[in-house]
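Enquirer: Following the hints, complete the assembly by docking chain B with the ligands onto the known chain A.
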Amino acid sequence: MKGWAPIGLTVAALAAVPLFTSSNVVLNFLVMALLIALVGQGWNLLGGYGGQYSFGHSAFFGTGAYVTAILQMRYGVNAWVGFCIGIAAGALVGAAIGALSFRSGLKGSYFALVTLAFAEVLRIVASVAPVTGAGVGTLIKLDLRPEVFQFQSRAPFYWIILGLVAVSLILVRLIEGSRFGAYLVAVRENEDAAAALGVDAMRVKLGAMTISAAITAAGGGFYAQYFLFVDAGIAYGPWISVEALLAPIIGGIGTVFGPLLGALVVKTLGELTKLVTGDAPGLDLVIYGGVLVLVIAFAPRGIAGLIADLRGFFKPSLAAAKPNPDRGHG
Amino acid sequence: MAEPLLSISGLHAGYGGTEVLRGVDLAVGPGEIVAVLGSNGAGKSTLNRAISGLVRPWRGSIRFGAAAIERESPVAIVMRGLIHVPEGRRIFPNMTVRENLDLGGYRARTRRDDNRTRVFALFPKLAERQGQNAGTLSGGEQQMLAIGRGLMAEPKLLILDEPSLGLSPLLVEELFALIRSINAAGMAILLVEQNVVQSLEVAQRAYVLENGVFVLEGSAADIRNDPNLKRAYLGL
Ligand SMILES: Nc1ncnc2c1ncn2[C@@H]1O[C@H](COP(=O)(O)OP(=O)(O)OP(=O)(O)O)[C@@H](O)[C@H]1O
Ligand SMILES: [Mg+2]
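Protein chains in written order, with the working numbering: chain A, 1 to 330; chain B, 1 to 236.
Calculated directly from the structure, the hints in this document are not laboratory data. Careful, some of the hints might be misleading.
Computed list of lysine to any residue pairs in SDA-like fashion (alpha-carbon distance at most 20 Å, straight line) [stated by the list, open to error]:
#1 Lys230/B <-> Glu217/B
#2 Lys107/A <-> Leu54/B
#3 Lys107/A <-> Pro93/B
Computed from a predicted structure; not experimentally measured.
Just chain A, same shape as in the assembly (with noise of 0.2 Å):
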């Protein structure tokens, strides 16, 4: 999906839902998903197109959510500025991280336990430090002033993480089209050649890594804005780290729709078996277990391959002229 067309459509066809309904349940999901979407939009960015598996993105998750509730209940700092304040927080946590295993040379399933390692113990930590409220967790007071990033209505809501989509879509569509990104995927492509291309892979890598977490942060700030409360699991519990992962894999790694296609999929499944189950503790894992295995055998590149496929295969004649209109890798 070349082009800034189906960005714009699909931003304004998403923006128009809340004046056709205002049924806090298709809200509520809506933002749901959008936050998923947000948050796999990180995740893509480092494993979809620089081929770093991270299992540990509550790392930036949660600091975005900390710093955010944080500054707010115990420092006075206004709720847009910690907002702010936790996107940098995340994308140093992500340098940090990036840094230490980039440089140690950590790849593959290292890095992915690395990661997941991080975020632990920063779960960990969070459960007992008294700055986070520790067992009991972090409420920001209620509030109901747009000045304070609370709001009456769920609408407002809606619209603020719709717009922090449409920057990651559109920040990494630039990416993409950018010399940085092109060195990314070298990068995920063969290292050593890319290397010998005069690409610094660990710089390369270490900025993905750094917008990822930025990204991911943003997801953890709405979180504790939308919610009112962080507590140590939600904040840097697996929950958010496998989600961000199974949106951008189910709907396409390494494409800039991949993430959102994935978590609206993603996400609905979720509803449907909640419908048909009632509330089965562990049941959704189980149907997203089954879809991430589903989607790997039979759809390696995802949702958006599929599409790519079909309209390749209803255009042969397009498809002809251009035979791979993703670059999606499996």
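Expert: Just chain B with the ligands now, with coordinates in the frame of chain A:
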């Protein structure tokens, strides 16, 4: 050879605690083809990596033109026009042929389209397959792509690491003809090879590397007739 383009003296390099290059001196003049021959594990690729900054030299100096480059980053060295095509067809499999070429073209960005046209003229097969994923090319085509990607950077000196490895005899012929024609346009080439006979035909001078030191060096004609070549190269 008046003013060498590349001159290396007393170069030591290795990995961890293992020394691979144990005092190497080498020079490549402008417009020259210089061959480095040696058996497996002699240290040929290590020499290439040390020149292009991918392995930090332990000791010794590497000069490219007037500049000392032994402490420079790979990026800086590429930007100077010293381009290394590594061994083993290191292409980017899930990128198209064209995207692969363009990745080599950042040094000469403004002339990228012209350079791509020139590469396609050298390798018509690549032009036919420009929209295809590089991973689906044949082994020979991938080797051509790796060389083409190197040429996109407008090298002053091109280092080719075992370009003929795994090519059919006919393709090897074509490859050496191509190396000759690139060189005829004025580009200096450091050709690292195990294919002794053909390398000595295209090169003006050659070095024979054994266990990290040069055991023979001289004009290609002299080396070809040297009785020690067999011993050094075959380890007899
Ligand atoms: N990354 C590395 N780490 C440790 N040792 C290495 C590394 N790369 C190469 N070596 C060792 O250095 C020595 C020289 O290797 P090098 O690749 O330079 O040989 P070569 O002459 O290019 O051989 P070939 O013709 O097989 O490519 C070998 O003994 C090899 O095992
Ligand atoms: Mg070698």
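Enquirer: Against each hint, give a clear statement of whether it holds in the structure.
Expert: Checked hints:
A hinted pair counts as satisfied when its Cα atoms are at most 20 Å apart, and Lys230/B with Glu217/B qualifies at roughly 14 Å. Distance check on the hinted pair: Lys107/A and Leu54/B sit about 18 Å apart at the alpha-carbon level, within 20 Å; holds. The hinted pair formed by Lys107/A and Pro93/B meets the criterion: a straight-line CA distance of about 19 Å does not exceed 20 Å.
Violated hints: none; the structure is consistent with every hint.
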